[in-house]
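Chemist: Sequence:
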Amino acid sequence: MTSFISDQDFTTPAHVRVTLDDVKREDRRDSRRGQPASAVPFHSMVLLAAVWLVISAVPIGYLGAGRYDVFWSDAVVGITIAIITTIRLLHPNAPFAWVIGGLAGWLLVAPVVLQYGWSGATANDIIVGVIILACTLLGAAD
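First residue of the sequence shown: 14, per my numbering; consecutive thereafter.
Please keep in mind that the hints were generated in silico from the structure rather than gathered at the bench. Accuracy of the hints is not assured; some may be wrong.
Said to hold, decoys possible - Distance windows between CB atoms, simulated: (1) Val53 to Val125: 26 to 36 Å; (2) Ala107 to Gln128: 33 to 43 Å; (3) Thr24 to Ile68: 16 to 26 Å; (4) Gln128 to Ala88: 10 to 20 Å.
Just so it is clear, CB atoms sit at the ideal spot from N, CA and C, and this is done for glycine as well.
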């Protein structure tokens, strides 16, 4: 049986002691150092664009026009990009830039493949695709 006094280290000065909490805190700081601070705004912009892609599907009128394929394409791509970008923000060394770039490329060619015609959905996909692709390339360049 041990007591509080027997568990304490009285031989090392208090300002020199390292606790387990200090070690864990240092590990968390070290894991954040792997990602350049200049890449975080680009990843954040990609996350916001992905959220916009999912949210904008209803007001733009995909469902009202009966274009469920367009709605589901944007919803699935937006959710996937949001999940992958969140992983990249939390784990800076995750090599998923090429997946996000491919999904942004899909946004650029989806109006032709799914035959949207020229509409708000086409403009939305092209603008969001260019923003995501540019921010992914700029974030990966660091």
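Chemist: Confirm or reject each hint.
Modeler: Now for the hints, and whether the structure bears them out:
Here the CB-CB span from Val53 to Val125 is close to 33 Å, well matched to the stated 26 to 36 Å. Separated by about 35 Å at the C-beta atoms, Ala107 and Gln128 satisfy the suggested range of 33 to 43 Å. Checked against the hint of 16 to 26 Å, the pair Thr24 and Ile68 fails, with Cβ atoms roughly 60 Å apart. Between Gln128 and Ala88, the C-beta spacing of about 18 Å keeps the proposed range 10 to 20 Å intact.
Hint compliance for this structure: hint 3 alone is broken.
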